[in-house]
Structure formats: structure tokens, C-alpha cells
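Here are the chains, one letter per residue:
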Amino acid sequence: MIKVKTHRFIASAGVAVIVATAFLQTTSVSAREPFTQAELAQQYAELQKMVKMGDDLWHSGKLGTNGLACGNCHPDGAASNAHTYPKWQAQLGAVSPLRDMINWCIEVPLAGKALAPSSKEMQAMEAYATYMHRGFTLMPGEATMQHPSVAVKAGPGYP
Amino acid sequence: MTNEIPEKQLSRRDFLSFTAKLGAASLVATAVSPVVGLVNVAQAAPGSKVTPFNFAIISDAHLYDIPGHKFDGILEKAVEDVNKMRPAPDFVFFLGDLGQTGKRSELEKGKRILSKLKMPLKIIPGEHDWYLDMGAAWQDMFGTAHWSFDHKGVHFAAMNSILVRDFWTVKKLSPVERMGYMEELEGHEAGLWGVREQQLDWLEKDVNKLASNMPVVVLTHSPLWDYYPRWNFQTEDAPQIRAILSKFDKVMSFHGHVHQVVYNKIGNMSSLGSLATSWPWPYPPVQLPFPDAKMNRSDPANFLDGLGTQVVDLNAEFAGGLKYEPFADLMPPAIKNGIKL
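One line per chain: the protein sequences are A and B, in this order. 1 is the number of the first residue of the first sequence in our numbering; add one for each residue after it. 1 is the number of the first residue of the second sequence in our numbering; add one for each residue after it.
If you are wondering where the hints come from, they were derived from the structure by calculation, not from laboratory data. For each residue, glycine too, the CB sits at the ideal point set by N, CA and C. Do not rely on the hints blindly, as some may be mistaken.
[As the list claims (entries may be wrong)] A few chain A residues facing chain B, derived, Cβ under 10 Å:
1) N66
2) A69
3) G71
4) N72
5) D76
6) W104
7) Q146
8) A151
9) V152
10) G157
11) P159
[As the list claims (entries may be wrong)] Straight-line Cα separation of at most 30 Å, DSSO-like style, residue types lysine-lysine; simulated pairs:
12) B/K118 to B/K77
13) A/K113 to B/K77
14) A/K62 to B/K70
15) A/K49 to B/K172
[Stated by the list, open to error] Restraint ranges, calculated between C-beta atoms of paired labels, are given here:
16) A/A116 to B/D299: 24 to 32 Å
17) A/A94 to B/I66: 26 to 34 Å
18) B/A243 to A/A45: 18 to 26 Å
19) A/E107 to B/G267: 43 to 51 Å
20) B/Q287 to A/T65: 35 to 43 Å
21) A/S118 to B/K116: 58 to 66 Å
22) A/R134 to B/K152: 50 to 58 Å
Required output: the full structure, derived from the provided sequences and hints.
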């Protein structure tokens, strides 16, 4: 907040002060204003778009070749255990992020082609699975339990 | 495989421990016999109501119209396993979702596989069988979706529990789109299922003249209690069904749809879910009424894990047990030898 006020004051000040301000700006850190409500709403809407895209992919047979979708076994993202990654994934023989397990499921049970890890599709899938575990305690490495997703009363489970 | 009669029955101590956990209501009904699960029940006691017998349950095959699909082989395995059961079941119930997208070709494939059963098949539909053509193909192939019969002193009644209110007309959905909404477990657009007025009336008439000590078994696709309505792990008019059946001393309810081990007891009715032959479903985010009746987490790398068949043994006192017969080791010790009924 101090930075904001300083900035506004400087904007109406004289040349000497501007010189001083230039010095201030190059030496200070983190001068960005807090997000406004409108900006936050916009960011949230962008996230929800990704979650929705992930939901559609999650329930689409198009990722595989045998008709199955992620949602067959993981309704509402349940048992995807998004909050337990990264962890040792026995099928992969490596410490893996969620996206690697999603790709394993696409390739093996769905008999499909893995998504590029940085693709928008994969980011959307991760967004959906993670959003359906919002509020869960992060438990990286947890590999013994099957976790449900958030309890959903109505609608798609988000926002 | 696990179809042989277990040589070593559950010890009395193990059994009582589990029964105690299942609660007092269950204890009253089951404390008589120390045996549980798939057992060759002794001859009927003189003057008893039931001639002991057993029957098998297969459920939720979700066959796709894709040649050589992996689910075909799993249903075939279930059929082979049931055919090998000893003593041989008197008949087999299939509790719905033979197909996945409601196509006639899926149902025909399922019927072909199920025709290899050596014992009679009794079948009801699930939502996946129904909403492409509103049950036309299913009824054409299998007859009415609700039925009843008596067998060796037990009355069996089955209903179609997947009827939803019309959500498609207003949305102007095509049959394929309507089926798509129903295919998704958390398909929140379609709403809750039930058996509805017509079948409630039928059930009322069906059991009207039966004496209260008549053993009754009821079969539906969805559970007859509120488990997790979000996934239609419920039947909207289950309270009315339970009310109609409340006059009986003892009622057993077996259902599909949940693809998992789950047990409940409400009033005079005990209720058990069935393993699928397609995929297992995770437990929903609610407290289980009887947490010991729960299967282990399945291994996704073993596509037979989490799946299987089940067999119900009934003895002369209309007690007995349901034994889950998983394709891979799935049952914790408390229910390995079955669940007492």
C-alpha cells in the first residue's frame, strides 16, 4: 500500500522528484498493485474454463480407443488422488507428478495416445482433477489409501 | 480360482467378531450358525420354510460395441467361474448394465455370452441398457423389466429402478445425447432414479397375499437406500419399497450399479452391493454404514482386480450368506469368507 501512495504522489511531483523516483523503482522490489476484484474474477473465470475443459476431456472417450474415459473409474475425479502427488508410481517405476499417471491411464486402461505433458489438454485434466480435491491436505508420497473427491451435492462439482 | 468351497470355514470367534461389528440388528438374525459364506448348507430342517439352495449374481458388464473388447473376456470369465461353482447355483441374476451405450449390438453380445451359463438366467436392466431407445431393445430381448417368482420357499421380486423424469424433451436431446447424459455416473442433468408408481403398485399387489413369514428377496440395479445420491447410489422411492416390504420378517436386497462391496441394514431389510465385471468404483465421500464391509483398493495395473462375481447361500431358516468371488485378491479378512445374511 505504501508503494501505491508513493507512486501516486510521484506522478504529480516535479522533475527532481521524478529522478528520485526512477532510483526508487530500480532498487525496490514487488511494486505491483494487489489484484482488483475484477481482475481476480477474471483469473478465476480462466481457471474455471480450464477445469471445465478438463471435465469434458475426463468424461470423453476420445482420449482412448476402447470407449473408456477417465470418468469410468474416476467419477468426480474420485480416486485420482490428485493431492498425493508427486509420489513413487509403481507402474512407472519413478517418482511421478499427476500428469504422468494420467498419461499411464490414457495409454493402458484407455489404450490411447499419451498427451504432451505441457499441452493445454493435460493442463486442463490436471486442473479438473486437482480442483475436485480442493481443500484436501497435500500428502505427497501417500500411496496406500483410495481418496474420494470433494462431496458434490449438485452441478458439475465446480466452481 | 476362488470358487471351491472353502475348506476351512471362518472360525466362530472370527464370525462373531464381524457380526458384532455389523450391529445388533444383524446379530439377532445371524447368531444361530457359526458358518458364513459359500457353504454347503445341510439338509433342510424338518418343518422349515426354505429348502436350502444357492444362486449367483453377475452384474455391470458394460459391454461396448467394439470387437474383442477387454470387457467381453471379463464377462466370459464370470460365466465360466459361475459354471464351475459347487454346489451349482440354481440360477443366476444379472443385475443390470449389460451394455454401455444402450446399443442393441451390445445387448446381443451380452446375451450371447450369458447364454453359456449352465443355469437359468434372470435379468433386470440398468441405465446403460435403457436410455438410447427407452428400453425397446432390452425389453424385446429379455421381456418385462420387473418380475417375480417363488423358488424353494423364497419369494423373489425384481424391479427396474433406473427410471428418471423426462429431462430430454425440454433440452431437445437426441437419443444418443440422452444416453450420453445417462452414461456419466455423475450426470447431474438427469436427476434421481426410481421404480415409480406403476412398479410400486405392482410390488404392492405382488406381495399382498404373502404371509409375513415368507422369505423375500428383492433385486434392483440401484441400492434401496440413500448411499450417495450424487452417483445415483440410491433409489428415489426406496422408502416406499421398504414400507411395502416392512410386513415381512426378513427381506434381503441385492443390487448392482455400485461396482463394489457395500452392506447396509435398514429395519427388516439387509442390502448388499455386487462386484462388476467391467471396472470397480471408488467409495464415495460419505461414511459407510458398516465400514467393515468394504473391499480393498484395487490395483489399476491388474485389470481383473476389483471385479468378480458373488454367490448367495440360503439355509432352511432363510439365513446364510453372500460370498464375494473376486478375480484377484480383494477382500479384507473380515469379509473374506462372506457376509452373513
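For this session: Please verify that hint: A/W104, Cβ, nearest Cβ of chain B, below 10 Å or not.
Result: holds (8 Å)
Exercise. Hey, does the A/Q146 contact hint survive, CB to chain B under 10 Å?
Worked result: Cβ of A/Q146 sits 4 Å from chain B, so the hint holds.
Exercise. Does 35 to 43 Å hold as the CB distance between B/Q287 and A/T65, or does it fail?
Worked result: holds (38 Å)
Problem set entry | Given hint A/P159 near chain B, where the shortest CB pair must fall under 10 Å | violated (14 Å)
Exercise. Holds or violated: A/V152 as interface residue toward chain B, Cβ cutoff 10 Å?
Worked result: Check passed: Cβ of A/V152 comes within 5 Å of chain B, closer than 10 Å.
For this session: Confirm or reject the claim that A/S118 and B/K116 have a C-beta distance inside 58 to 66 Å.
Result: violated (48 Å)
For this session: Take a look at whether the Cβ-Cβ distance between A/E107 and B/G267 falls inside 43 to 51 Å.
Result: Distance hint for A/E107, B/G267 holds at roughly 48 Å.
Exercise. Is the hinted pair A/K49 and B/K172 satisfied, with a Cα-Cα distance of at most 30 Å?
Worked result: holds (25 Å)
Exercise. Given the hinted pair A/K113 and B/K77, is their alpha-carbon gap at most 30 Å?
Worked result: holds (28 Å)
For this session: Go through the hint on A/D76 and say holds or violated, using the shortest Cβ distance to chain B against 10 Å.
Result: holds (5 Å)
Problem set entry | A/G71 as chain B interface residue, shortest Cβ-Cβ below 10 Å | holds (6 Å)
Exercise. Is the shortest C-beta separation between A/G157 and chain B less than 10 Å?
Worked result: holds (7 Å)
When each numbered hint is compared with the structure, violations occur for hints 11, 18 and 21.
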